[in-house]
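Spelled out from the first residue to the last, the chains are:
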Amino acid sequence: MNWLIEIGKAAALCVVVFTFIAISVMVMVYAERKLSAWMQARIGPRHVGPQGLLQLIADTVKLLQKENIVPRQADYLVFSTAPLIVAVAALLDYVVIPLGKVGDTVLIVRDINIGVLYFAAMASLTVIGILTGGWASNNKYSLLGGLRSAAQMVSYEIPLGLSIICVAMLASTLSTVGIVEAQRGRWFIFQAFPFGFFAFVVFIIASTAETNRVPFDLPEAESELIAGYQSEYTGMRFSLFQLGEYGELFGMSAMAVVMFLGGWSGPRPVPPLLWFFIKTYALVFVMIWVRWTYPRFRIDQLLNLSWKFLLPVGLVNILGIGAWLILLR
Amino acid sequence: MGKLAVFIILSCVTLIPAVIVVTSRNMVRAALSLVPTFLGVTGLYVTLDAEFVAGIQVLIYAGAITVLILFVIMLTEGGTGLRVRQMNAQTKLGALVAFGMAVVLIAFTTATRWPVKAGTMPRYNAAAVGNAFLTSYALVFEVTSLVLLVSLIGAIIIARREE
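Chains A and B, in that order, give the protein sequences. To convert, note that position 174 of the first sequence is 174 in the working numbering; the numbers rise steadily by one, no gaps. Here the working numbering runs 329 ahead of the position in the second sequence, where the first position is 1.
None of these hints come from the bench; they were simulated from the model. No residue lacks a Cβ here, since even glycine has one placed at the ideal position from N, Cα and C. Wrong hints could be hidden among the right ones.
SDA-like mimics (lysine to any residue), calculated; alpha carbons at most 25 Å apart, straight line [as the list claims (entries may be wrong)]: (1) Lys9/A - Thr376/B; (2) Lys9/A - Ile338/B; (3) Lys140/A - Leu397/B; (4) Lys9/A - Pro365/B; (5) Lys9/A - Leu397/B; (6) Lys308/A - Ala347/B; (7) Lys308/A - Ile337/B; (8) Lys308/A - Ala488/B; (9) Lys332/B - Val342/B; (10) Lys9/A - Met330/B.
Covered stretches of chain A, as calculated for chain B (at least 3 residues, CB under 8 Å) [what the hints assert, rightly or not]: (11) 102-116; (12) 121-127; (13) 140-147; (14) 151-163.
Kindly generate the complete structure, drawing on both the sequences and the hints.
This is the structure we're talking about:
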């Protein structure tokens, strides 16, 4: 009977995590729209609710009511599975993210001993959804978007993994809770100066590319690919793609906080849970800020940045941190 | 009981898409079916307490190898949308050989007395894997990386020749 309880627990936690993602995605979409409006000297959503706060609920309801259109020549089965892969990959990311500490209990779905590796593995599944969604739409723009996304995400996974290795070396564990506890004295971004900081920068750049955001949003470049892999999707399926994308954005920021910025730790009067959200949303804000400030890369510049700059920097970082661990500690 | 149920479910998750991989007439669907197969194998690793290998399996096979295969199929002219026959005239002969092979393998594995010795699991197997690679299996590890390097150079040379 033990495993029945386990299955029940897993299902309940799934519902909790999915609700959490849906709500945080709504908050982020609202923040994105408001911030982009301020940066472009517009007002942004304003009419639904106070300061347009209910706009996102209205949008969600609207998307749920929309008709689901499937192009005639599309591969129906693959077309309808692709958004699910993206959303579920984002959902699985959240299993290892520790949100804070209440008393002695860490708020985490499951603290597994390969935490950060698991996170990288689940984040890498997103690309399958995007690639197949682009192919199944049977549209040249979608296919081009999907192929760009595959090239981009496969190449940026490597610098991402290299900076995760740096953190694993400093913490000498892969468990996310272990990593946060190893930063009790000093955050990893300040340790092994300047290598910890470089690892953080590499992680942030690579995670922006993994989430397909400007300046790395070639898979969905509006001006040339009319939103790329998403262009044939409507209604609920489109919103699942959006959910996956913003879910991944929050997941990546949360992971950067866990690995480099000390996770939930912070000065006393503010509770750990709040510290975690302050740090994560600060990083989300940086990502939004970057999105509305910089123009898009060209595809060759994008791949050169990954293979000719981030990859060597990541490797040198690993060497540097290894040397620092042996010589100075 | 629970463990057996998990094993049966994971076997189905691994084997049913594997059949689709070798029978589907649509190349992309065949390649895509590799994903659940790899994930099923990942589940089997987890039941064997090999979490590190399981994580690497998802990262490398499901997240990267499949993407590369799909990438190549989608870029190949006529690779998508084309109905490919995966069978040829020798289906019966092939089935016969496969069946014979299965009988021999099952007979051997059931007849052999496998030495069962209770070993101790390392508490943290990512570290154990790393230590093994850099101490007792260092030579194997280095030779493997050399093989990868050679195949990398080979790929570059083949790609360059077309210019």
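Hints and how they fare:
no. : hint                : in the structure
1   : Lys9/A - Thr376/B   : holds (19 Å)
2   : Lys9/A - Ile338/B   : holds (19 Å)
3   : Lys140/A - Leu397/B : holds (19 Å)
4   : Lys9/A - Pro365/B   : holds (24 Å)
5   : Lys9/A - Leu397/B   : violated (36 Å)
6   : Lys308/A - Ala347/B : violated (38 Å)
7   : Lys308/A - Ile337/B : violated (46 Å)
8   : Lys308/A - Ala488/B : holds (19 Å)
9   : Lys332/B - Val342/B : holds (15 Å)
10  : Lys9/A - Met330/B   : holds (19 Å)
11  : 102-116             : holds (count 3)
12  : 121-127             : holds (count 5)
13  : 140-147             : holds (count 3)
14  : 151-163             : holds (count 5)
Of the numbered hints listed earlier, those contradicted by the structure are 5, 6 and 7.
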